[in-house]
Every structure is written in C-alpha cells, then in structure tokens.
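Protein sequence lines, in the order shown, are assigned to chains R and Y.
Mapping the first sequence onto the numbering used here, position 66 (from 1) lands on 66, and the numbers just tick up by one.
Mapping the second sequence onto the numbering used here, position 45 (from 1) lands on 45, and the numbers just tick up by one.
Some hints could be false.
Each pair may be met inside one copy or between any two copies, as identical chains are not told apart.
[Stated by the list, open to error] Mimicking PhoX-like on lysine-lysine, the simulated pairs with C-alpha atoms at most 20 Å apart in a straight line are:
| id | residue 1 | residue 2 |
| --- | --- | --- |
| 1 | K51 | K82 |
| 2 | K78 | K51 |
| 3 | K28 | K11 |
| 4 | K78 | K11 |
| 5 | K88 | K51 |
| 6 | K85 | K16 |
| 7 | K88 | K11 |
In short, the hints are calculated from the structure, not lab data.
Number of protein chains: 2
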Amino acid sequence: MHIQEFQNLMKHLYFKRDNERGIEGTFKWLVDEVLELGEELKGSDREATEKEFADVIAWLASLANIMSIDLERAALNKYNYKCPKCQKSPCQCTF
Amino acid sequence: MHIQEFQNLMKHLYFKRDNERGIEGTFKWLVDEVLELGEELKGSDREATEKEFADVIAWLASLANIMSIDLERAALNKYNYKCPKCQKSPCQCTF
Numbered sequence: 001m002h003i004q005e006f007q008n009l010m011k012h013l014y015f016k017r018d019n020e021r022g023i024e025g026t027f028k029w030l031v032d033e034v035l036e037l038g039e040e041l042k043g044s045d046r047e048a049t050e051k052e053f054a055d056v057i058a059w060l061a062s063l064a065n066i067m068s069i070d071l072e073r074a075a076l077n078k079y080n081y082k083c084p085k086c087q088k089s090p091c092q093c094t095f
Numbered sequence: 001m002h003i004q005e006f007q008n009l010m011k012h013l014y015f016k017r018d019n020e021r022g023i024e025g026t027f028k029w030l031v032d033e034v035l036e037l038g039e040e041l042k043g044s045d046r047e048a049t050e051k052e053f054a055d056v057i058a059w060l061a062s063l064a065n066i067m068s069i070d071l072e073r074a075a076l077n078k079y080n081y082k083c084p085k086c087q088k089s090p091c092q093c094t095f
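Let the hints inform the model, and build the full structure from the sequences given.
Written out as structure tokens, the structure is:
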C-alpha cells in the first residue's frame, strides 16, 4: 500500500475525530504512541511491537491529515533516493 | 511509493549505520525527531514542517529495519480497512 493510500485510509477512518481533537492533542497522542513503542522494544512480544509500529505510523498519518500535509510527498521530497545530507546512495556521511 | 518500498529505501541508505547504532540509540533518534516535529508544528514554516514529517517516518522505518519488522504489513494487519477497536469504517468508537 502506498504511503498516501494509508494516509487516506486514516483520513477515512478517523479524520472527523482527529480534526476535532486538533493539532496539539493529536501530536500528544503521537508522542504517547512513540513512548509505548519504546516500552515494547524492551520486551520480547513481537506481535505487540508490530502493533505499536502500526500505531505510530497511524498517528503520524492522522497528524499529517489535519495539517493537510501529504506524508508520501514529504518523505520523497526529502529522501529522494539519496541521503539529503551527503547526497550519496547509500549514505556516506562521515559524522 | 509503497510503505515497504520506502522502508527498503531507508535500508539501502542507512542500514549499516542504523544497525551499528542499535535499537535503543535509533529509538532515541526517533524521539528527537518527533520532538522536532512538535516544535515545527508551533510555527508557520510549512516546508520545514514537511521535512520533520519526513524525518519521523524515515526514523520509524530505520527502527523497523533493525527490528526486521515489515512496517507496511504491521500497519495493514492492525488497520485492515476498519477501526481495530470498533471494527467499523469509518470509526464509530464512542469514547
């Protein structure tokens, strides 16, 4: 599934509530989901970890929806088949 | 671009360094990028905000790579065209 299609799926499922909650509230949810992912990473429950990865990309897409930002376009504009810093593929940054 | 293709692009560009850095260090980078996104959301620089969205999905993909987790499959397993909580599309959760 394209990143854009997944973002549209999140829009279909959740836009009304996401938009009512607003940017700040939705960002806080994203942060909470990232922290939950961090907790799962310490354990060994692979299925639970996968679900937390799913939640993080879902909330990132929700946040992009209420900002009217195209997540796929944003990702490819910055990571256009090369490292945005060294312009090489693969990255050859020395820092 | 499919979520999986983007994850593979991140693997091509960054896997060696991501893998050397490890799960904990890469998770910390993800958290930092999320916080940077939060700062940009307070401002009005749309291009900078889009770049921060790009960075968050990029670091999420990097983390998934070193965990050998397929981010697209994880996302679609949980958000399979309906809300995973109420099983409706669109979501009709009442909380």
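Query raised in the report: For the identical chains here, do K51 and K82 meet the 20 Å Cα criterion within one copy, between copies, both, or neither?
Result: Answer is between; shortest inter-copy Cα gap is 15 Å, intra-copy 29 Å.
Report task. Evaluate K85 and K16 at a C-alpha cut-off of 20 Å and name the case that applies: within, between, both or neither. Result -> The answer is between: 16 Å across copies meets 20 Å, while 37 Å in one copy does not.
Requested in this report: Can you give me the call for K78 and K11, within, between, both or neither, at a CA distance of at most 20 Å?
Outcome: Close across copies (16 Å), not inside one copy (23 Å); limit 20 Å.
Report task. Have a look at K28 and K11 and pick one of within, between, both or neither, based on CA distance no larger than 20 Å. Result -> within (18 Å within a copy, 28 Å between copies)
**Report entry** Identical-chain pair category, K88 with K11, by Cα at 20 Å
**Finding:** between (35 Å within a copy, 14 Å between copies)
Query raised in the report: How do K88 and K51 come out at 20 Å by Cα distance, when the copy is not named: within, between, both, or neither?
Result: between (33 Å within a copy, 18 Å between copies)
Query raised in the report: Between copies, within a copy, both or neither: which fits K78 and K51 at Cα up to 20 Å?
Result: The answer is between: 6 Å across copies meets 20 Å, while 27 Å in one copy does not.
The structure is consistent with each of the numbered hints, conforming to all of them.
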